[in-house]
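Trainee: Okay, here's what each chain looks like letter by letter:
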Amino acid sequence: EPEVTQTPSHQVTQMGQEVILRCVPISNHLYFYWYRQILGQKVEFLVSFYNNEISEKSEIFDDQFSVERPDGSNFTLKIRSTKLEDSAMYFCASSGTATGELFFGEGSRLTVL
Amino acid sequence: AQKVTQAQTEISVVEKEDVTLDCVYETRDTTYYLFWYKQPPSGELVFLIRRNSFDEQNEISGRYSWNFQKSTSSFNFTITASQVVDSAVYFCALSEAVGSGNTPLVFGKGTRLSVIA
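Line by line, the protein sequences give chains H and G.
All residue numbers for the first sequence refer to my numbering, where the first residue is 51 and numbers rise by one.
All residue numbers for the second sequence refer to my numbering, where the first residue is 1082 and numbers rise by one.
Hints are computed from structural coordinates only; laboratory data are not their basis.
C-beta atoms are modelled at their ideal positions from N, C-alpha and C, and glycine is treated no differently.
Covered stretches of chain G, going by a simulated chain H footprint (3 or more residues, C-beta under 8 Å):
#1 1116 to 1125
#2 1186 to 1195
List of simulated lysine-lysine pairs, BS3-like, C-alpha gap at most 27 Å:
#3 G:K1190 to H:K133
#4 G:K1190 to H:K128
#5 G:K1119 to H:K107
#6 H:K92 to G:K1119
#7 H:K92 to G:K1084
#8 G:K1151 to G:K1084
#9 G:K1084 to G:K1190
#10 H:K107 to G:K1190
#11 G:K1151 to G:K1190
#12 G:K1151 to G:K1119
#13 G:K1084 to H:K107
#14 H:K92 to G:K1190
#15 G:K1119 to G:K1084
#16 H:K92 to G:K1151
#17 H:K107 to H:K133
#18 H:K128 to H:K107
#19 G:K1097 to G:K1190
Example chain H residues on the side facing chain G (calculated, C-beta under 10 Å, incomplete):
#20 Y83
#21 Q91
#22 V97
#23 F141
#24 A143
#25 G150
#26 F153
Working from the sequences, and respecting the hints, build out all of it.
Mentor: Shown next as structure tokens:
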């Protein structure tokens, strides 16, 4: 069964460092998303991406964040200068249609020290 | 504005008991979608169901069933004859239809279900 894959599964970084989280969405999907979940809290929307551009972003997605689809398969989330409060599980998701269900990856746990 | 409330933070049941997880939502839109996701201890988010606002039929899938009541803005989830493998955090989520797409999913805070053998 096709699935969304994310790497790395866990990354530890020092505050101020740049981090890139990678995602391979389901191959025929066109809509891509990043969500995050701070430990023990609810899942929060960061950004959605369609047709090679951001379609929507939340207040959390400030200038420190960026997304890119560098090739036909990868979808990346970059955090330029990590802060302690960026520590969270980051989930990538993809969907085949604008109104369809989101399929999530297993998440990338980011720990900022 | 969209809002999803899962009032039950944690529920603990003994195996084989039935359990209902509550979800109440708020939306001003007439066209919207409701979802349930399961997050097992391993951490991934597993899609369980998607329901659109025009379809109030209840759905049953094996031991899982969902009760959608527009009159009370609720979309409750029942697990029949619970099993230890059902132990997870369950999230209810909502998105509204906007043009040809949807607003991003808004999640509730989740209900942690523990099924004890």
